[in-house]
Amino acid sequence: MNGVHDLGGMQDFGPVVPEPDEPVFHAEWERRAFALTLAASAPGGWNIDTSRHARESLPPVQYLSSTYYQIWYAGIVNLLRENGLIRDEELQSGEVAGNPKPVARILKAADVDAAMGKGGPADRAADQPAAFAIGDRVRARNIHPKGHTRLPRYARGKTGEIARVHGCHVFPDANAHGLGERPQWLYSVRFSARELWGEEAAGRDSVHIDLWEPYLDRV
Amino acid sequence: MAHDHHHDHEGSELSETALRVRTLESLLVEKGYVDPDALDALIDRYENKVGPRNGAQVVARAWSDPDYLKALREDATAAIAALGFTGRQGEHMVAVENTPQTHNMVVCTLCSCYPWPVLGLPPVWYKSPPYRARAVIDPRGVLADFGVTLPETTEITVWDSTAEIRYLVIPMRPEGSRDLSEEQLAALVTRDSMIGTGLALSPAEARAKGLLQ
Numbered sequence: 001m002n003g004v005h006d007l008g009g010m011q012d013f014g015p016v017v018p019e020p021d022e023p024v025f026h027a028e029w030e031r032r033a034f035a036l037t038l039a040a041s042a043p044g045g046w047n048i049d050t051s052r053h054a055r056e057s058l059p060p061v062q063y064l065s066s067t068y069y070q071i072w073y074a075g076i077v078n079l080l081r082e083n084g085l086i087r088d089e090e091l092q093s094g095e096v097a098g099n100p101k102p103v104a105r106i107l108k109a110a111d112v113d114a115a116m117g118k119g120g121p122a123d124r125a126a127d128q129p130a131a132f133a134i135g136d137r138v139r140a141r142n143i144h145p146k147g148h149t150r151l152p153r154y155a156r157g158k159t160g161e162i163a164r165v166h167g168c169h170v171f172p173d174a175n176a177h178g179l180g181e182r183p184q185w186l187y188s189v190r191f192s193a194r195e196l197w198g199e200e201a202a203g204r205d206s207v208h209i210d211l212w213e214p215y216l217d218r219v
Numbered sequence: 001m002a003h004d005h006h007h008d009h010e011g012s013e014l015s016e017t018a019l020r021v022r023t024l025e026s027l028l029v030e031k032g033y034v035d036p037d038a039l040d041a042l043i044d045r046y047e048n049k050v051g052p053r054n055g056a057q058v059v060a061r062a063w064s065d066p067d068y069l070k071a072l073r074e075d076a077t078a079a080i081a082a083l084g085f086t087g088r089q090g091e092h093m094v095a096v097e098n099t100p101q102t103h104n105m106v107v108c109t110l111c112s113c114y115p116w117p118v119l120g121l122p123p124v125w126y127k128s129p130p131y132r133a134r135a136v137i138d139p140r141g142v143l144a145d146f147g148v149t150l151p152e153t154t155e156i157t158v159w160d161s162t163a164e165i166r167y168l169v170i171p172m173r174p175e176g177s178r179d180l181s182e183e184q185l186a187a188l189v190t191r192d193s194m195i196g197t198g199l200a201l202s203p204a205e206a207r208a209k210g211l212l213q
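Sequence lines, in order, name chains A and B.
Counted from 1, the first sequence has number 164 at position 164 by my numbering; the numbering is strictly sequential.
Counted from 1, the second sequence has number 210 at position 210 by my numbering; the numbering is strictly sequential.
Don't read these hints as lab results, they were simulated from the structure.
Beta carbons: idealized from backbone N, C-alpha and C, even for Gly.
Keep in mind that a hint or two might mislead.
Said to hold, decoys possible - Between beta-carbon pairs, the in silico distance windows are:
| hint | chain 1 | residue 1 | chain 2 | residue 2 | range |
| --- | --- | --- | --- | --- | --- |
| 1 | B | D67 | A | G157 | 38 to 46 angstroms |
| 2 | B | T102 | A | E181 | 29 to 37 angstroms |
| 3 | B | P151 | A | R81 | 48 to 56 angstroms |
| 4 | B | R207 | A | A110 | 39 to 47 angstroms |
| 5 | B | A81 | A | H26 | 28 to 36 angstroms |
| 6 | A | P60 | B | S181 | 49 to 57 angstroms |
| 7 | B | G147 | A | P60 | 43 to 51 angstroms |
| 8 | B | S202 | A | R164 | 15 to 23 angstroms |
| 9 | A | R204 | B | D37 | 46 to 54 angstroms |
| 10 | B | R207 | A | R164 | 35 to 43 angstroms |
| 11 | A | P129 | B | Q101 | 29 to 37 angstroms |
Said to hold, decoys possible - Just some of the chain B residues that point at chain A, by a computed CB distance under 7 angstroms:
| hint | residue |
| --- | --- |
| 12 | C111 |
| 13 | K127 |
| 14 | A204 |
Claimed, not checked - Straight line, CA to CA, 27 angstroms or less: simulated DSSO-like cross-link-like pairs of lysine-lysine:
| hint | chain 1 | residue 1 | chain 2 | residue 2 |
| --- | --- | --- | --- | --- |
| 15 | B | K209 | A | K118 |
| 16 | A | K146 | B | K127 |
| 17 | B | K127 | B | K49 |
Input sequences plus hints: build the corresponding full structure.
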């Protein structure tokens, strides 16, 4: 999706302003929005790609005018609503309406450290060999999927070189939409800054982007 | 007056968000979907237990133990796990080393991917449009915002974390640090130096900040 979340290379957002001694959270509601988002994926049964897609699918004006945890809150509400775990009338009244839909599991306090410490590895067994090897020249496809994708716009149509072969990983373009994991080979592709941004870019600089095989063609 | 109005407006928006989040939490708890103690445990873990001091230990070990550096190059996930740092948003780690020739800098242009087990949760600037937009097209300008100027001849390598691979920058070991212990070395390693928007502190800088005796 060519959304406003795909920010790489955009201009005029102003300087980066680091905050000295920045706290982890800036308000109590940020703590709760963060934790709710992590905890709700257990009853919700969705995956990280679904969650990212929910956030980047917010209306563009809302996305750009919200703080980070406001985006997380809006994303989780949409996922809960789509999955029948919350209703608009409940959010408005603050009262539970009817019997809650049964869920398979929830995250218990005693399991938090083990679950977070384990995480969710995205590598999978490969059922075919990698198409590319380190040093191969590849071009990122000029594609514009309407759903979730992790191929940034600034790389499309650009030529680079395979720098690392990361293994076979869950394919977000499918996994975000309930189409299964469809694992694909994942590569770190090195693009020169001049290939991406033209002759004014520094000659030695580069950007490495992690890209799945279906995003790439051999040059 | 206009100034006052602006503040009032911001204040009411913030409290509206807080109210909505509270409503959502109470609904999910009442429905049995969320264990409130689990929320507290999640917050405690990422506010108090997991943070950039973890990554600083990794860097200090890499600086002082050539075998560990070798292990980190071969399988960063395993080498970092050996120090006890594992899990969510760090399942597939890659360490990238700064040298006099190459400076590495990490961004996530599409969202906010960040190596939680070694750095904790990302700062606001890392998740915000100015950094995500500009890190890939103008890394030297971004570094200038952080007060960092590198020689023209240094190659800047930006890593856009578009997948589940998480990058940890190993900054260059500062001059004058040869006699420091591993623990003292860790005090030189700032969060930003492990993202690539900063450099490790010199021992003198660390002393001035009270981080080193």
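Between R207/B and R164/A, is the Cβ distance one that fits in 35 to 43 angstroms? Holds: the Cβ-Cβ distance is about 38 angstroms, inside 35 to 43 angstroms.
Take a look at whether the Cβ-Cβ distance between S202/B and R164/A falls inside 15 to 23 angstroms. Violated, since S202/B and R164/A (Cβ atoms, about 32 angstroms apart) do not stay within the stated range.
With chain A as the partner, please determine if C111/B meets the hint condition of a C-beta pair closer than 7 angstroms. For C111/B, the interface hint holds, since the closest Cβ of chain A sits about 6 angstroms away, which is under 7 angstroms.
How about K127/B: closest beta carbon in chain A under 7 angstroms, or not? This interface hint holds because 5 angstroms falls under the 7 angstroms limit.
Just tell me: holds or violated, for the beta carbon distance of D67/B and G157/A against 38 to 46 angstroms? Check passed, 44 angstroms falls within 38 to 46 angstroms.
If I claimed the Cβ atoms of A81/B and H26/A lie 28 to 36 angstroms apart, would that claim hold in this structure? 31 angstroms, holds
Range agreement (Cβ of Q101/B with Cβ of P129/A, hint 29 to 37 angstroms): Cβ of P129/A to Cβ of Q101/B: about 33 angstroms, so the range 29 to 37 angstroms holds.
I want to verify a distance hint. Is the separation of the beta carbons of P151/B and R81/A within 48 to 56 angstroms? 53 angstroms, holds
Hinted pair K146/A and K127/B, Cα distance within 27 angstroms: 24 angstroms, holds
Between the beta carbons of T102/B and E181/A, is the distance compatible with 29 to 37 angstroms? 34 angstroms Cβ-Cβ, so the 29 to 37 angstroms window holds.
Pairwise beta carbon distance, R207/B to A110/A, judged against the given window 39 to 47 angstroms: Since R207/B and A110/A have Cβ atoms about 43 angstroms apart, the given range 39 to 47 angstroms holds.
Please verify whether K127/B and K49/B have alpha carbons no more than 27 angstroms apart. Cα-Cα ~21 angstroms, so holds.
Violated hints for the displayed structure, listed by number in ascending order: 7, 8, 14 and 15.
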